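Participant: The residues making up each chain are set out below.
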Amino acid sequence: MTFDAERARKDFPILSRTVHGKPLVFLDSAASAQKPQPVIDAISHFYATDYANIHRGVYELSLRATEEVEGARRKVARFIGADPHEIVLVRNATEAINLVAATYGREHVREGDEVLITHMEHHANIVPWQRLCEERGAALRVAPIDDRGQLILEAFEALLTPRTRIAAVTHVSNALGSVNPIDEIVRLAHARGIPVLVDGAQAVPHGRVDVRELDCDFYAFSGHKLFGPSGIGVLYGKAAQLAAMPPYMGGGEMILSVSFEKTIYKEPPYRFEAGTPDIAGAVGLGAAIDYLEAQDLDAVAAHERALLAYASEALTLVPGLRLIGTAEHKASAISFVMDGVHPHDIGTILDREGIALRTGHHCAQPVMQRFGIPATARASLALYNTRADVDALVSGLHEVREVFA
Amino acid sequence: MDELRELYQSVILDHNKKPRNFREPSGANRVSEGHNPLCGDHVVVHLVLEDDVVKDVGFQGEGCAISTASASLMTEAIKGRPVREVKDLFERFHALVTSRPSEGVDAADLGKLSVFTGVREFPMRVKCATLCWHTLCAALDGGGEQVTTE
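Just so you know, the protein sequences line up as chains A and B, in that order. With the working numbering applied, the first sequence corresponds to residues 522 to 926, in that order. With the working numbering applied, the second sequence corresponds to residues 7 to 156, in that order.
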């Protein structure tokens, strides 16, 4: 079955608007994806009919709201092959990673220990570990990438030492599009008893993810890149890992009992969910997952693969354009630079053509340093993108060439 | 398209391609570094300051066409002028690029710098045009501190 992207576009109302008098060409889903009507409807319907705080009242609305949020947790669990009690609802992937660094990390990382990341990480998977290492007198180790933007696996393996307490690796690079061999990475780390956290923010919108198959210890992602609302994200943790971890934030909702002498905490995942969460956000995330599961996800992945190949080829033909990140396995993101034109100027000119794409360092400054460039322009694809979007981008880039001729 | 042509005028494109005073002048006694963390633009402004007069000025760094041309044209505009005049020029330049087109802020007395009038149609790009000026001011005020647009 081929995926009908034209039909899917109709589910996303924003895609029918114009920008600067031109039809919107949205190529920035790696920053945040647009929302289908069912997600928008689910949120407004929930506020209009069932809203109340959760886990609080004995009254009908509170029970219904609680059931909606727990239903969303179950959907997330089923979507990635986990159990519901292994799903911690957080704000975004950034918070999920910070949570692990602040709990698991502070529990296990001591002076002289090491945390291993890769050179292609987003700042969200660098800074929390850097802070932890500074606090603990530990060392942050960085596995190198090659000139195509691929992790050098032998070098990664060599950096797994008896002092390594955790490895934190992105599933898909947001700046380069490179897909990492997570199963292999986990196998290498687990062979040495080292747990693995995977930053899945750029992976879950583009294909099936099964955390049991990957066998990773933690998996983090954001709802807003998955066609859900912003403000809700997910931390998956293996039940045994979560059970052994101390709380993250203290407050209501995460306790069994509180006295001034002692507080007894709830079991996971509630131990990590202090305070009133983004209730409607969880409902919206559940609706986004319903929307995705109603699609043929393998067909979606095939559509995006074909479009990525088409776009990569078409862009290479633009005079003076160079792709940054040419890994054998890629998903969604195409970064590029143009001779004599700064990405910022590319972005401004394309914007006037109604084309939204990201320019800058993509919160991955070490990647920019690795390739010796200050910034790139990045087009990123999602299930609603078509060849017409790519063609508009290419013609916009010819326009850029003309302005800078 | 007209707004784009207004933004990317030939003077700006020319200064982007061939930035003037793109160097560290000998005898520089003031230096300051500016940074726009949002887009990665980076500029270093060097000054030879004598008796409250900008005897020489140069810049280095990397950025978009707007920020490169702005730094280049700035060096031409301020060389040989007293600090007081330079600061006054910055204030008028800043007022121009941050004004709304409808306010009719006059660019006539800004000389070549008036080519940046088009920037006010692009609020996201104002910081590109002003980064070098903020960096210059930091250098005039003593230097050393890193300036950022955020």
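Calculated from the structure, these hints are not laboratory results. Careful: at least some of the hints might be erroneous.
Said to hold, decoys possible - Derived DEER-like restraints, expressed as beta-carbon distance ranges:
1) B:S108 x A:R652: 41 to 51 Å
2) B:P88 x A:E834: 41 to 51 Å
3) B:P88 x A:P534: 55 to 65 Å
4) B:E127 x A:G893: 52 to 62 Å
5) A:H919 x B:E127: 56 to 66 Å
6) B:V111 x A:E591: 56 to 66 Å
7) A:T797 x B:E12: 44 to 54 Å
8) B:V111 x A:P534: 52 to 62 Å
9) A:P534 x B:E97: 38 to 48 Å
Unchecked claim - To be clear about the criterion: a stretch of chain A counts as covered by chain B if any three or more of its residues have a C-beta under 8 Å from a C-beta of chain B, and this derived list gives those stretches:
10) 740-751
11) 868-875
12) 879-886
13) 906-914
On a predicted model such as this, the values are computed, not experimentally measured, just so you know. The beta carbon of each residue, even a glycine, is placed where N, CA and C say it ideally should be.
Participant: Is the hinted range of 52 to 62 Å satisfied by the C-beta distance from E127 (chain B) to G893 (chain A)?
Facilitator: 33 Å, violated
Participant: Starting from the range 41 to 51 Å, see whether the pair P88 (chain B) and E834 (chain A) falls in it by beta-carbon distance.
Facilitator: 58 Å, violated
Participant: Can you tell me whether the CB distance of T797 (chain A) to E12 (chain B) sits inside 44 to 54 Å?
Facilitator: 49 Å, holds
Participant: Range first: 56 to 66 Å. Now tell me if the beta carbons of H919 (chain A) and E127 (chain B) are that far apart.
Facilitator: 23 Å, violated
Participant: Between the stretch 868-875 of chain A and chain B, are there enough contacts, at least three residues with CB-CB distance under 8 Å, for the coverage claim to hold?
Facilitator: With 3 residues closer than 8 Å to chain B, the stretch 868-875 of chain A meets the three-residue bar; holds.
Participant: For the pair V111 (chain B) and E591 (chain A), does the Cβ-Cβ distance stay inside 56 to 66 Å?
Facilitator: 57 Å, holds
Participant: Return holds or violated for the Cβ distance of V111 (chain B) and P534 (chain A) against the range 52 to 62 Å.
Facilitator: Between V111 (chain B) and P534 (chain A), where Cβ atoms are some 39 Å apart, the hint is violated.
Participant: Taking 38 to 48 Å as the stated bounds, is the beta-carbon spacing between P534 (chain A) and E97 (chain B) within them?
Facilitator: Holds, at about 45 Å.
Participant: Can you confirm whether chain B covers the stretch 740-751 of chain A, using C-beta to C-beta distances below 8 Å and requiring at least three such residues?
Facilitator: Since 0 is below three, the answer is violated.
Participant: Note whether the CB distance of S108 (chain B) and R652 (chain A) lies within 41 to 51 Å or breaks it.
Facilitator: Given range 41 to 51 Å: holds, Cβ gap about 47 Å.
Participant: CB of P88 (chain B) to CB of P534 (chain A), is that within 55 to 65 Å?
Facilitator: Check passed, 58 Å falls within 55 to 65 Å.
Participant: Holds or violated: the stretch 879-886 of chain A covered by chain B, criterion of 3 or more residues with Cβ-Cβ distance under 8 Å?
Facilitator: holds (count 4)
When the structure is compared with the earlier hints, violations turn up for hints 2, 4, 5, 8, 10, 13 and for no others.
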